[in-house]
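> Turn these sequences into a full structure, and let the hints guide you.
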Amino acid sequence: MKARVHVTLKNGVLDPQGKAIQHALGALGFSGVDDVRQGKYIELDLAESDPDKARAAVEEMCRKLLANTVIENYSVEVED
Amino acid sequence: MKARVHVTLKNGVLDPQGKAIQHALGALGFSGVDDVRQGKYIELDLAESDPDKARAAVEEMCRKLLANTVIENYSVEVED
Amino acid sequence: MSEITPELVAEHGLTPQEYEKVLDILGRAPNLVELGIFSVMWSEHCSYKSSKKWLKTLPTEGPQVIQGPGENAGVIALGEGLAAIFKIESHNHPSFIEPYQGAATGVGGILRDVFTMGARPVMNLNALRFGSPDHPKTRHLVSGVVAGIGGYGNCVGIPTVGGEVNFHPAYNGNILVNAMTVGLAPADRIFYSAAAGPGNPVVYVGSKTGRDGIHGATMASAEFDANSEEKRPTVQVGDPFTEKLLIEACLELMETDAIVAIQDMGAAGLTSSSFEMASKGGVGVELDLDRVPMREEGMTPYELMLSESQERMLMVLKPGREDRARRIFEKWDLDFAIIGRLTESGRMVLRWHGETVGDLPIDPLALASPEYDRPWEPTPAAEAVAVTSQGDPLEALRTLIGSPDLASRRWIWEQYDHLIGGDTIRRPGADAAVVRLADGKRALAATTDCTPRYCYADPVEGGRQAVAESWRNLTAVGARPLAVTNNLNFGNPERPRVMGQLVGCVQGMGEACRAFDYPVVSGNVSLYNETEGQAILPTPVIGGVGLIDDIAHLPAAGLEQAGLALVLIGETEGHLGQSLYLRDIEGREEGSPPPVNLEAEKRNGDFLREQIKQGALAACHDLSDGGLIVALAEMALAGGCGATLRVPDIARDKMTQWLFGEDQARYLVATQDAETLLASARAAGVPAAHIGESGGDALTLEAIGRISLEDLRATHEGWLPDYMSAGVA
Amino acid sequence: MRTAVIRFPGTNREKDAVVALERACGRKPEIIWHKESGLPAVDLILLPGGFAFGDYLRAGAMAAQSPIMQAVRQAAERGVPVIGICNGFQVLTEAGLLPGALMRNAGLRFVCRDVHLRVESDRSPFTEGYRLGQVVRVPVAHHDGNYFADEATLDRLEGEGRVAFRYVAGPGEPESRANPNGSRRDIAGILSENRRILGMMPHPEDATDPLQGGTDGCGLFDSMARALA
Ligand SMILES: Nc1ncnc2c1ncn2[C@@H]1O[C@H](COP(=O)(O)OP(=O)(O)O)[C@@H](O)[C@H]1O
Ligand SMILES: [Mg+2]
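Chains as they are written, first to last, in my numbering: chain A, 478 to 557; chain B, 478 to 557; chain C, 566 to 1294; chain D, 20 to 248.
FYI, nobody ran anything at the bench for these hints, they're computed from the structure. There may be inaccurate statements among the hints.
In silico DSS-like cross-links for lysine-lysine, where the CA-CA straight-line distance does not exceed 25 Å [unchecked claim]:
hint: 1; chain 1: A; residue 1: 541; chain 2: A; residue 2: 479
hint: 2; chain 1: C; residue 1: 896; chain 2: B; residue 2: 541
hint: 3; chain 1: A; residue 1: 479; chain 2: B; residue 2: 517
hint: 4; chain 1: C; residue 1: 845; chain 2: C; residue 2: 621
hint: 5; chain 1: D; residue 1: 54; chain 2: C; residue 2: 1006
hint: 6; chain 1: A; residue 1: 517; chain 2: B; residue 2: 487
hint: 7; chain 1: B; residue 1: 517; chain 2: A; residue 2: 487
hint: 8; chain 1: A; residue 1: 530; chain 2: B; residue 2: 479
hint: 9; chain 1: D; residue 1: 47; chain 2: C; residue 2: 896
hint: 10; chain 1: C; residue 1: 1006; chain 2: D; residue 2: 34
hint: 11; chain 1: A; residue 1: 487; chain 2: C; residue 2: 702
hint: 12; chain 1: B; residue 1: 517; chain 2: A; residue 2: 517
hint: 13; chain 1: B; residue 1: 517; chain 2: A; residue 2: 541
hint: 14; chain 1: A; residue 1: 487; chain 2: B; residue 2: 479
hint: 15; chain 1: C; residue 1: 1167; chain 2: B; residue 2: 496
hint: 16; chain 1: A; residue 1: 517; chain 2: B; residue 2: 496
hint: 17; chain 1: A; residue 1: 479; chain 2: B; residue 2: 487
hint: 18; chain 1: B; residue 1: 541; chain 2: D; residue 2: 54
Using C-beta positions, here's what the derived DEER-type ranges look like [unchecked claim]:
hint: 19; chain 1: C; residue 1: 635; chain 2: A; residue 2: 540; range: 42 to 52 Å
hint: 20; chain 1: D; residue 1: 194; chain 2: A; residue 2: 550; range: 35 to 45 Å
hint: 21; chain 1: A; residue 1: 542; chain 2: C; residue 2: 645; range: 52 to 62 Å
hint: 22; chain 1: B; residue 1: 550; chain 2: A; residue 2: 542; range: 23 to 33 Å
Don't be surprised by glycine CBs; every beta carbon is placed ideally from N, CA and C.
So, in structure tokens, the structure goes:
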């Protein structure tokens, strides 16, 4: 079963990458880009076939490793 | 209007970060993680309010900057 | 405006007595913005209220000193129109919370302190203390801190060339991350922070201000809603790219004659930078806070004054230079905003969309900050230790050379770009880092040193030793030690024992600096380094800077050829108290540290430097942790050539002491001509003994045994990478 | 010989390159700011190391879109030799002037140390001063030096003799330490089809003076000076 994780910076945390992308898009002539935030997207292939168990496991992986909860939020989707 | 971009590595492109995560998850005692792939997730706030135009613009941003199509695929969603 | 309750005052970290003083100064109750300003200005970090009394006792003057403590960094003259600007700073707590960003922003902060004075940074160093390797957090902290230091310094493009790392359980809950930067500037073009010229514009440049690192009151105040934690990241994220632009833009502006005063926004951001600049110049300031470039909507004056967003600077410009300056910052895509003017009022007036939201007298706030004479207790003297066991010395050497405190740090410094600039002529891993100056003939040497276990056992001796070791490390590369910066890392100063450690260490440091004409020109104090009542070991880190007059004489760090005579300089008594041998081989962390004889240090060091200058030494290394045999092993590994050591007869019965004792004021050197060296030493009254020869591919203790370099190298190089890959970081 | 060194915001190894070029060519290069849209008439263009635009998003991605890159492309089309070192190599791949991409090091960590390179092609203005098969020692300093291209491209590069340098183990060095970043087929540097563009991750400019620990990088700069004089 597949799980998808989005890890994003918490509100208010500086995102130098997003800021630089926004700036570069402006320089390339794309106007009207008001904000850009960059996060991580992680796909996992799991042996687990029970969606609830898979979700619980992935949430624990996020807390322990995938996200830095001091500055990042995470969200988990599992395929049904 | 918000747009969401996922940039993922193409099949066949080795993903050192994904591999490292998979390894670390194993070391942390998470079993049954068969594969991990890491990509980027980019959120854009756009002044544009027409979804089709927004999508077209963001796809062009992907081709020009956000993704390196030698190694990456991208997908774009715009909020409706 | 919210009412100032005793709870709110307490949350701002002000004692009731301090708050009384606030009321006195203002003649009224402060509003929240003003309370926030008092709170950060009078914080330990900004006011040095516990340490000031003792810092004043340090020697800070000398013919080489252009600027001692009191500015963003210290400045010393190098001759030929050049000055070195340097400082060390801690980022301990943030690095424990978020090791990557904490360490990265620590590097960013110290870089700004140095380039704000007009210097181009040329070397970074870092002094790190982690908990026990067995502690579950240690691996993660090492990994993150090292990556963060590298991530920032590498991107900005300043070589990270040196530092030190210790592991000890006393740092389990409170690691130390001290970062040092050395920069170079023309001696006649140093920039200071004293504002001058009422009417002159106050200019903000760099990154926009966000809600980073705002401490103080939170929930209790009506101005903050339930999401305030989410809104107010306690951890700042570093943006080394912006820092790089800021360096280039500032240095470009400094080439013009536009700046009256300049100061980075470090701890307590806009508040401390504006108050310090105004106070030093004896002027007043009016700020229009709504003109501050903001990263987020809905920011308040309180937040703007207290934010610790990174990569920002404050300047006072000469009138009429605004446009020129603006163009430079625009070229570098940085924010540039005129946010206020200097006045004659001696007051800080803060406006928000035209309305006054704060009005404070500057000097009483900046200068009348509390100063405490905290009660202190000296550390009781330790007993002398007896060592009776006489185990296999080569086995002990193998253990020590692969132990956490002595194992190779290659895994760390290979993550630092230590070569960028093309002037690194002594790479990390040896005594002092050496970076060549533009004249191609001279070079700067720098080092950071402290032996916390000595400081814990005897703060005064430990303070002396830290200075002596840094002085020795500079001497070992042939540099004239010029001045130091220091980072005083201690526990809670409200505990007399801890305060006594600080007092003792400062006393010892002062004595040694005086004896060596090696003044203190800058520094930083980090207190309250403890968790759950467990304080760190007292850790007064010394950052030393010296000058090599001619790099042609730089001796090698290691043994690079066979047939050289090994000469031990300095007197060996075999002091094992607080030695690594005692701790790591016998499991005893006991005794008094080796005494530092400042006269012997000076005499031996001056002699050694003279020998280097005359080209008499092929290689040179100072003796410290682990003693003679460890130093020899390090030299053999560094140069790839083995050696044979003769244990003198008198030392036979005390072989462990002779091999592993940590007596101070000693160097191990390799020379083509032992006889001449010994004769010169005799003439100078310097103890010296010919104790062996270089050669072979092993370390041989005559009549005792041998250990191959390969074996030593495997243990020495293996420990850290093995440790780091043995678990999840 | 006239040379130009391109400077992006975040470029930080330009001084190292300038010193090495000046030593070999006897003339200071011109530093060209990324916002320029034209280049002076030069015999060589060098894209130095660093972190252009912070290497945010992807190393070299934003720099590849800078106005000056149009001019670099046109000069390259006219046959002006272009060398990209480290970040410069990343920019050249992102700009499509060289095939493949540079990904995060396999070990995920930044790596700064000496490596050994075998010269795989002596047929270019950059490498003709070396012997084919010669092993040289120069430092690397990068976080994203893991060269990737698909198998077909790699075969083609090899078939056409366009691999300029390959990582090899130095004397006494274990094989496992040879390749510092996981690059496919140990590739450290590649040439364009017309062999007038070179991209390489290692830093020959930081190995041009005995005090730097080695002078093996001089071969490259001396080659260029001779070939283009
Ligand atoms: N231990 C110390 N020894 C000498 N000077 C010190 C020490 N600690 C702080 N200082 C000096 O006090 C001043 C203020 O330090 P700090 O608040 O760290 O500066 P900044 O705000 O620039 O980071 C500086 O001039 C610094 O060099
Ligand atoms: Mg400062």
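> A separate judgement is required for each hint: does it hold in the structure or not?
A quick look at each hint next to the structure:
1. A:541 - A:479: Distance of about 19 Å is within 25 Å: holds.
2. C:896 - B:541: 24 Å, holds
3. A:479 - B:517: Cα-Cα ~17 Å, so holds.
4. C:845 - C:621: Given pair residue 845 of chain C, residue 621 of chain C holds - Cα atoms ~18 Å apart, limit 25 Å.
5. D:54 - C:1006: 37 Å, violated
6. A:517 - B:487: 16 Å, holds
7. B:517 - A:487: Given pair residue 517 of chain B, residue 487 of chain A holds - Cα atoms ~16 Å apart, limit 25 Å.
8. A:530 - B:479: Violated - the C-alpha atoms of residue 479 of chain B and residue 530 of chain A are around 32 Å apart, more than 25 Å.
9. D:47 - C:896: Distance ~24 Å between residue 47 of chain D and residue 896 of chain C Cα, so the pair holds.
10. C:1006 - D:34: Given pair residue 1006 of chain C, residue 34 of chain D holds - Cα atoms ~18 Å apart, limit 25 Å.
11. A:487 - C:702: The hint holds at about 23 Å.
12. B:517 - A:517: Holds, because 5 Å separates the two Cα atoms, which is no more than 25 Å.
13. B:517 - A:541: Satisfied, since the Cα-Cα distance of roughly 20 Å is no more than 25 Å.
14. A:487 - B:479: 17 Å, holds
15. C:1167 - B:496: It is violated: about 55 Å lies between the C-alpha atoms, which goes past 25 Å.
16. A:517 - B:496: 15 Å, holds
17. A:479 - B:487: 17 Å, holds
18. B:541 - D:54: 18 Å, holds
19. C:635 - A:540: 42 to 52 Å: 46 Å, holds
20. D:194 - A:550: 35 to 45 Å: Given a distance of about 43 Å, which is inside 35 to 45 Å, the answer is holds.
21. A:542 - C:645: 52 to 62 Å: 53 Å, holds
22. B:550 - A:542: 23 to 33 Å: 25 Å, holds
The structure is inconsistent with the numbered hints 5, 8, 15, although it conforms to all the rest.
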